[in-house]
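> So the sequence lines, in the order shown, correspond to chains Y and D. When we follow my numbering, the leftmost residue of the first sequence carries the number 1, and every step to the right adds one. When we follow my numbering, the leftmost residue of the second sequence carries the number 1, and every step to the right adds one.
Since the hints were made in silico from the structure, they are not lab data. Predicted, not measured: the structure shown is a model, and the values here were computed from it. Careful: at least some of the hints might be erroneous.
In silico contact screen, one side only, chain Y against chain D (beta carbon under 10 Å); selected entries [said to hold, decoys possible]: (1) Asp12; (2) Glu13; (3) Leu17; (4) Asp33; (5) Gln45; (6) Thr51; (7) Pro62; (8) Asp63; (9) Tyr64.
Taking lysine to aspartate or glutamate and the EDC-like style, the derived pairs with C-alpha atoms no more than 16 Å apart in a straight line are [to be verified]: (10) D:Lys65 to D:Glu202; (11) D:Lys141 to D:Glu202; (12) D:Lys66 to Y:Asp42; (13) Y:Lys52 to D:Asp242; (14) D:Lys187 to Y:Glu60.
Here a beta-carbon is modelled for each residue, glycine too, at the ideal position from N, C-alpha and C.
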Amino acid sequence: MISMQTADQTLDEILALASAHFKVPREKLSPDDDFFKTLGIDSLQTLDLLTKLENHFHVELPDYELQGVSDFRTLAGKIKSRL
Amino acid sequence: MSTLEAGWYGETLAYELKDGVAEVCLHRNPCNEIGSLSLQEMESFCTALQNLQQPSHAVIIYSNKKAGFCAGADLRELYERSQKMEKAEALQGVRDFLERIHHVLNVIDGTPQTTIAAVHGVTFGGGLELALACDLIVADKTARFAFPELRLGLIPGFGGIPRLKRDVGNAIVRDLLLTGRSFNAAKAQQVGLVSQVVAEGEALRVARTTASQVRKFDRQTSATAKKFIKPIPREELRQEIDLFCDLFLRPEVEAGLKKFVESKDAQPYLP
Numbered sequence: 001m002i003s004m005q006t007a008d009q010t011l012d013e014i015l016a017l018a019s020a021h022f023k024v025p026r027e028k029l030s031p032d033d034d035f036f037k038t039l040g041i042d043s044l045q046t047l048d049l050l051t052k053l054e055n056h057f058h059v060e061l062p063d064y065e066l067q068g069v070s071d072f073r074t075l076a077g078k079i080k081s082r083l
Numbered sequence: 001m002s003t004l005e006a007g008w009y010g011e012t013l014a015y016e017l018k019d020g021v022a023e024v025c026l027h028r029n030p031c032n033e034i035g036s037l038s039l040q041e042m043e044s045f046c047t048a049l050q051n052l053q054q055p056s057h058a059v060i061i062y063s064n065k066k067a068g069f070c071a072g073a074d075l076r077e078l079y080e081r082s083q084k085m086e087k088a089e090a091l092q093g094v095r096d097f098l099e100r101i102h103h104v105l106n107v108i109d110g111t112p113q114t115t116i117a118a119v120h121g122v123t124f125g126g127g128l129e130l131a132l133a134c135d136l137i138v139a140d141k142t143a144r145f146a147f148p149e150l151r152l153g154l155i156p157g158f159g160g161i162p163r164l165k166r167d168v169g170n171a172i173v174r175d176l177l178l179t180g181r182s183f184n185a186a187k188a189q190q191v192g193l194v195s196q197v198v199a200e201g202e203a204l205r206v207a208r209t210t211a212s213q214v215r216k217f218d219r220q221t222s223a224t225a226k227k228f229i230k231p232i233p234r235e236e237l238r239q240e241i242d243l244f245c246d247l248f249l250r251p252e253v254e255a256g257l258k259k260f261v262e263s264k265d266a267q268p269y270l271p
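With the rest of the complex left out, here is chain D (with noise of 0.2 Å):
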């Protein structure tokens, strides 16, 4: 089993412990989609993390894609798995997919330390839920925030709507999920959802900057604040996951999904 002190290099991610601070890269070509894979090594992160023997105050979670922090589901994964099966079995799989993620992004969301996501580029969907999951957000100036789901025929699934219904106002949520549009840094920051802005490509030094600042209190102390201050809405995940099985299997899904694939035009990330 890999532990955070030793460190862990694998195929989407990698993580290791420093200076207190444990630091997940995600690293997966085109822009770290969340597939089987990903889900895998992330579950693997959370055991290492949940296992930490070390002290450690702060996790960090970045990127060096150049597209972005993340851009969401693995979308053609999702939609090759499903054409494989029966429909019941697809939804199935769906089902199994998505409470395995939330219990990842639980883990993430719940754990003693001060989480921060250090975002740039697109972090789209999947990729916002795992920076909602954080207790701050840290981006850079080219990040772009959207849940593009509707464009599917679907609602976010991996906690997003309870998460995001969290931090900001309702009006910003039902901007965000009605009109599927994605909004910039400055905006993200306006409403309250992004901590800091800063220059292009210092966000992950920032982080760390802010990973320090937190080191310097009782650790028991900020754990008891956090938890809190952050209360997991429980319940509300659970029914985002029924919602977002009960749409699945419409007709306009599939349509979504692959036209989403098969697009050979420039403008499938555009809304």
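This is chain Y alone, in the form it adopts within the complex (with noise of 0.2 Å):
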């Protein structure tokens, strides 16, 4: 089944989640920013993130496929990929 959602449309959800989950305002995240630093995170709160993007888009990503993975467009590209 193909998802009619395009990669902005992911994007821009991940965006609002981060920011909303983080208590940081949209306006400051923009998608190649370092989340680990712009939303001040450690690796536990990358996870807390992680499920919440997974109950969000009913997907299931292995954290392992994070590795590497520091911006919010490379995050989102993992999502699109599993939807």
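Relying on the hints, combine the two individually framed chains into one complex.
See the structure below:
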């Protein structure tokens, strides 16, 4: 089944979720930001974000898929590949 | 000696008896890592549980740490202590610790009361093993489960493999162990690990409601059924300790522990 959601829509939703979850203003987040630095989060909080994203998009994303991923755009690509 | 009836507040956990339910609250910063003091206090709880005079139908174990239920063994303590000892002494220390924690988890596993782990957030390694010793796991939506031990060159040592095999299909056991990945509460329920998935922050409340339900039934019958349904895999548990000890002195393990303990990057908990 082909997902009707575009990559940009996925990215927008991720940025909105991250903003709301970590209480960082949406305008301060950009697709190519290093989310560890911009959100000020560690790996435990990244797992928290991952759970939120999995629940929101109804996908399962093994956390080893996040190896080397530190920006929202790449993260969105990983999510999109599971839709 | 502390009793459940009187309640007790320690450095890593607290316990009390409330309306026939023995409640254990894990409260060690940052995420209830299980080290020697935690073990000592868990042993105290087990003694209190075994000496309980008043009727009790359930045990609930939960955490009040935001990060989660329990992130597993205290790797910093394990690494720092092992660095100060000769290898043979370090290995004996590890074996002693494992045998003690196995005793604790066997008491929880086999206690006649119905045991419920109310989990949220990080439920990794020894934390997952603690939850697996319970009859039921109630997880909130933030819960994540993992056996990250392979990342350190080890296998789970607190009884996780035999207990996980008891509860879920072997494919899931292989997935968790061989990839070291974590999965969320929805997946955990899908594979039969978790009994109920609830909204964020609701796990303890739902565990208490479940305990109230359990109270309706004859205790002797429940205890008999539990013993029949949930045999403790003692032989495999002993084998697990031996395998863990066989692996422990390998240089890969020291390197893995060192890397975790000294990590200043953002990703020590990611595989």
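> Does each hint fit the structure? Answer for all of them.
We went through each hint and held it up to the structure:
1. Asp12: This interface hint is violated because 22 Å lies over the 10 Å limit.
2. Glu13: violated (17 Å)
3. Leu17: Leu17 (chain Y) check fails; min Cβ-Cβ to chain D is 14 Å, beyond 10 Å.
4. Asp33: violated (13 Å)
5. Gln45: holds (9 Å)
6. Thr51: Holds. Min distance 5 Å.
7. Pro62: holds (4 Å)
8. Asp63: OK, holds: Asp63 (chain Y) within 10 Å of chain D, min 5 Å.
9. Tyr64: Check passed: Cβ of Tyr64 (chain Y) comes within 4 Å of chain D, closer than 10 Å.
10. D:Lys65 to D:Glu202: holds (14 Å)
11. D:Lys141 to D:Glu202: holds (9 Å)
12. D:Lys66 to Y:Asp42: Satisfied, since the Cα-Cα distance of roughly 14 Å is no more than 16 Å.
13. Y:Lys52 to D:Asp242: violated (38 Å)
14. D:Lys187 to Y:Glu60: This hinted pair holds, its Cα atoms lying about 8 Å apart.
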